[in-house]
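Note that the protein sequences, when read in sequence, are chains X and U.
At the far end of the first sequence sits residue 183, using this note's numbering, and the numbering has no gaps.
At the far end of the second sequence sits residue 183, using this note's numbering, and the numbering has no gaps.
Just to be clear, a hint being listed does not mean it is correct.
Which copy is meant is left open, so a pair is good if it fits within one copy or across any two.
With a straight-line cut-off of 30 Å between C-alpha atoms, the simulated BS3-like cross-links for lysine-lysine are [unchecked claim]:
no. : residue 1 : residue 2
1   : Lys-17    : Lys-64
2   : Lys-64    : Lys-181
3   : Lys-17    : Lys-67
4   : Lys-56    : Lys-67
5   : Lys-64    : Lys-113
6   : Lys-181   : Lys-56
Since the hints were made in silico from the structure, they are not lab data.
Number of protein chains: 2
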Amino acid sequence: MQHNFFDFIGAEEGTWKTQSIQTLVGEPIPHAPFLTIQEGSLHSTPQATWALKGFKSNIRYTEKAEKIQLNQQSVSHARVEDTCATLIPIRKSEAWWELTQDERRAIFEQQSKHIAIGLRYIPAISRQLFHCRDIGQPFDFLTWFEFSPENVAPFEDLLASLRASEEWTYVDREIDIRFIKLV
Amino acid sequence: MQHNFFDFIGAEEGTWKTQSIQTLVGEPIPHAPFLTIQEGSLHSTPQATWALKGFKSNIRYTEKAEKIQLNQQSVSHARVEDTCATLIPIRKSEAWWELTQDERRAIFEQQSKHIAIGLRYIPAISRQLFHCRDIGQPFDFLTWFEFSPENVAPFEDLLASLRASEEWTYVDREIDIRFIKLV
Numbered sequence: 001m002q003h004n005f006f007d008f009i010g011a012e013e014g015t016w017k018t019q020s021i022q023t024l025v026g027e028p029i030p031h032a033p034f035l036t037i038q039e040g041s042l043h044s045t046p047q048a049t050w051a052l053k054g055f056k057s058n059i060r061y062t063e064k065a066e067k068i069q070l071n072q073q074s075v076s077h078a079r080v081e082d083t084c085a086t087l088i089p090i091r092k093s094e095a096w097w098e099l100t101q102d103e104r105r106a107i108f109e110q111q112s113k114h115i116a117i118g119l120r121y122i123p124a125i126s127r128q129l130f131h132c133r134d135i136g137q138p139f140d141f142l143t144w145f146e147f148s149p150e151n152v153a154p155f156e157d158l159l160a161s162l163r164a165s166e167e168w169t170y171v172d173r174e175i176d177i178r179f180i181k182l183v
Numbered sequence: 001m002q003h004n005f006f007d008f009i010g011a012e013e014g015t016w017k018t019q020s021i022q023t024l025v026g027e028p029i030p031h032a033p034f035l036t037i038q039e040g041s042l043h044s045t046p047q048a049t050w051a052l053k054g055f056k057s058n059i060r061y062t063e064k065a066e067k068i069q070l071n072q073q074s075v076s077h078a079r080v081e082d083t084c085a086t087l088i089p090i091r092k093s094e095a096w097w098e099l100t101q102d103e104r105r106a107i108f109e110q111q112s113k114h115i116a117i118g119l120r121y122i123p124a125i126s127r128q129l130f131h132c133r134d135i136g137q138p139f140d141f142l143t144w145f146e147f148s149p150e151n152v153a154p155f156e157d158l159l160a161s162l163r164a165s166e167e168w169t170y171v172d173r174e175i176d177i178r179f180i181k182l183v
């Protein structure tokens, strides 16, 4: 059993310095000058400007052939040159969650190429997914990206491709928060 | 956003009288003479002999054609004649959770006919699924069945079919708790 809860804490201090907070869809969140990410528990509630909690879970859409490709290309360790990071909390509409598994998979991959797009950018852009829909959080997912300063342009391309997809028509809240690592 | 947390509380009193507790695989749980089911929250921890928490979530394997059949045949209301109930908490092995979505779906339905077997017994046997793997509970799922006394034999057939399936080789903890409704 995994208890992989993580808190993303926006506050007056932290290990990542906030560069920008951009609300793309839905309600914004308050500005916090720094972020800390820490292992949490289901029950902890950090005091902060904002705190978002998520958990790692089993994969929900990825198929065997895709997992093999992802594992081959992914980096498992933090890279010292990855001083840029982005946190993207998103929520999807009830219409999305009412879809069946085959309908969601069809939109996710056959139409939107979510995994295929991501694969084009690894290992340069590292990505971790945290789930939060089922634990009463204001978002469904938190995605955390890390990359080096020379990979900012490819990262923008990755986001542009995903945001232009059919899948993204189901996103009803999205915030894009950029950080620089403090050294 | 749904906050559908439910507590299954085994205690000295309650609305369902325990008939039997049978541990099929793995560690047992203590005997409690009664059960209460109540809406809970993520953070509540009821005082009891045992308390199992689960949440309703989006469907994870069901496809469109299956959902249509399930919806046509399911009953949405509690039936007064359904005085028998069974709670089956199960946990699946890490080997199951390491599988990709297509591998799990293949075992779940192509090989094990999980949905097709269930469809044979609805509306007689009503069934509700609660998830608990991601919230640090000792089980991955709680399934709650309700049926009338004349449907005990079909219910046993349903369980026997599922337990004989390929999918069940991944179950590493299972307890079968039978109840009678207090009138």
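- Message: Need the list of violated hint numbers for this structure, in ascending order.
- Response: 1, 2 and 3
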